[in-house]
Amino acid sequence: MSKMINVGISDLNIAKAPDVLVTYALGSCVGICLLDKNNDIGGLAHIMLPYSKEAGDTVSTNLRRYADTGIVELIQMMVRNGAVLANIIAKIAGGAQMFQTQINTFNIGERNVEAVKKVLSANRIKIVAEDTGQNFGRTVFFDVKTGEMKVKTASSRLIVL
Amino acid sequence: MTLNNIGDLNSMHVDVLTELGNIGTGNAVTSLATLVGKEISINVPRVRILDFNESVQFIGGAENIVTGVLIRLIEGIEGMILYIFEDKFVATVLKTFFGKEFKSALEINEMDKSALNEIGNIMAGAYARALSSMTGLKITLSTPSICVDMAGAILSVPAIEFASIGDKVLFIEDSFGIGNDMVNSNMILVPELDSLNLLFKKLGVGI
Numbered sequence: 001m002s003k004m005i006n007v008g009i010s011d012l013n014i015a016k017a018p019d020v021l022v023t024y025a026l027g028s029c030v031g032i033c034l035l036d037k038n039n040d041i042g043g044l045a046h047i048m049l050p051y052s053k054e055a056g057d058t059v060s061t062n063l064r065r066y067a068d069t070g071i072v073e074l075i076q077m078m079v080r081n082g083a084v085l086a087n088i089i090a091k092i093a094g095g096a097q098m099f100q101t102q103i104n105t106f107n108i109g110e111r112n113v114e115a116v117k118k119v120l121s122a123n124r125i126k127i128v129a130e131d132t133g134q135n136f137g138r139t140v141f142f143d144v145k146t147g148e149m150k151v152k153t154a155s156s157r158l159i160v161l
Numbered sequence: 001m002t003l004n005n006i007g008d009l010n011s012m013h014v015d016v017l018t019e020l021g022n023i024g025t026g027n028a029v030t031s032l033a034t035l036v037g038k039e040i041s042i043n044v045p046r047v048r049i050l051d052f053n054e055s056v057q058f059i060g061g062a063e064n065i066v067t068g069v070l071i072r073l074i075e076g077i078e079g080m081i082l083y084i085f086e087d088k089f090v091a092t093v094l095k096t097f098f099g100k101e102f103k104s105a106l107e108i109n110e111m112d113k114s115a116l117n118e119i120g121n122i123m124a125g126a127y128a129r130a131l132s133s134m135t136g137l138k139i140t141l142s143t144p145s146i147c148v149d150m151a152g153a154i155l156s157v158p159a160i161e162f163a164s165i166g167d168k169v170l171f172i173e174d175s176f177g178i179g180n181d182m183v184n185s186n187m188i189l190v191p192e193l194d195s196l197n198l199l200f201k202k203l204g205v206g207i
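Chains as they are written, first to last, in the working numbering: chain A, 1 to 161; chain B, 1 to 207.
Where hints are given, some of them may not hold.
Said to hold, decoys possible - Incomplete in silico selection of chain A near chain B, CB under 7 Å:
1. Ala25
2. Gly27
3. Ile108
4. Ser155
Hints listed in this document are in silico derivations from the structure and should not be mistaken for laboratory results.
Virtual Cβ for every residue (Gly too), placed ideally from N, Cα, C.
Using the sequences plus the hints, can you model the full thing?
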């Protein structure tokens, strides 16, 4: 029997096949699914913001909320549990702009996606599929056994990547 | 002393914000009643300080479909007001305005959206006027923006924007009677901390 492992906002986790990692309702946040298929280990991070250093964060000590620190922690966790960095590939989803406001032109969803791509590339991890941007929320199911990332939206669109 | 985190607010602060909510909602209801030509009654709003997960649970869970109207406070007091309208609220409003039957928030059209935007605008304007008249601060609002989607995705917008000052929001629950229907709307207020400190200072409330 496969288990469903829920990853909350600003959090991450790993799973072994045949378990499924799930994160609900990504808005501007980005879900990063990592997989080492040879070793049947997958990971999922749900990040909120691009970089820990530029956040000026005075309250939280949660480094899992940022793309840079969150992704690195996820990689390390996978490697500690038997994954090999060179095998790891990535699929990403999220980074929407939920509200079209006139005033706030800086688009955090877009910046999150950019940061995720930079951090993955710096770690030589290839992105093999993505469903990012636009203006709707996404729930992500990541099946560690098949490597499939299912992306579901409020309007019941379901795509499998 | 200054507040560094919304989680630092004590019960006296909450009482003050409740009273502001009360006056603001009172103003809003007067405007709405004129608009719809029906009597609208209100109960005293309930103010809660909730973290992200609690607010998501409060509006039905991460994947529950809700209608959000976002308005920014851009001058005097800075921050964000996000209304979360549950289906029953949307249904009652659309019926009252247009005599339309409501099926699903995902099926509402552009005209319905602009009506709901306008209601958010009126309610936020009324709340801002209450703040303004009590503090003497001039408060300017942005135009409203609407989004119908999963609750978790909508609530991540204030959560992301204000992540650096805390993981809590002020959650103000209004309950209205329109005709025979009782409906709730939820207002999430995320002030910048400097603005919140200024607000309490102007109101003569100790921190």
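For each hint, the structure was consulted:
A least Cβ separation of about 3 Å between Ala25 (chain A) and chain B falls short of the 7 Å threshold, and the interface hint therefore holds. Satisfaction of the interface hint for Gly27 (chain A) is found here, the shortest Cβ-Cβ separation to chain B being roughly 3 Å, below the 7 Å cut-off. Residue-level restraint check for Ile108 (chain A) holds (minimum Cβ-Cβ distance to chain B is 6 Å; threshold 7 Å). Of the supplied interface hints, the one on Ser155 (chain A) holds, with its beta-carbon coming within about 6 Å of a beta-carbon of chain B, less than 7 Å.
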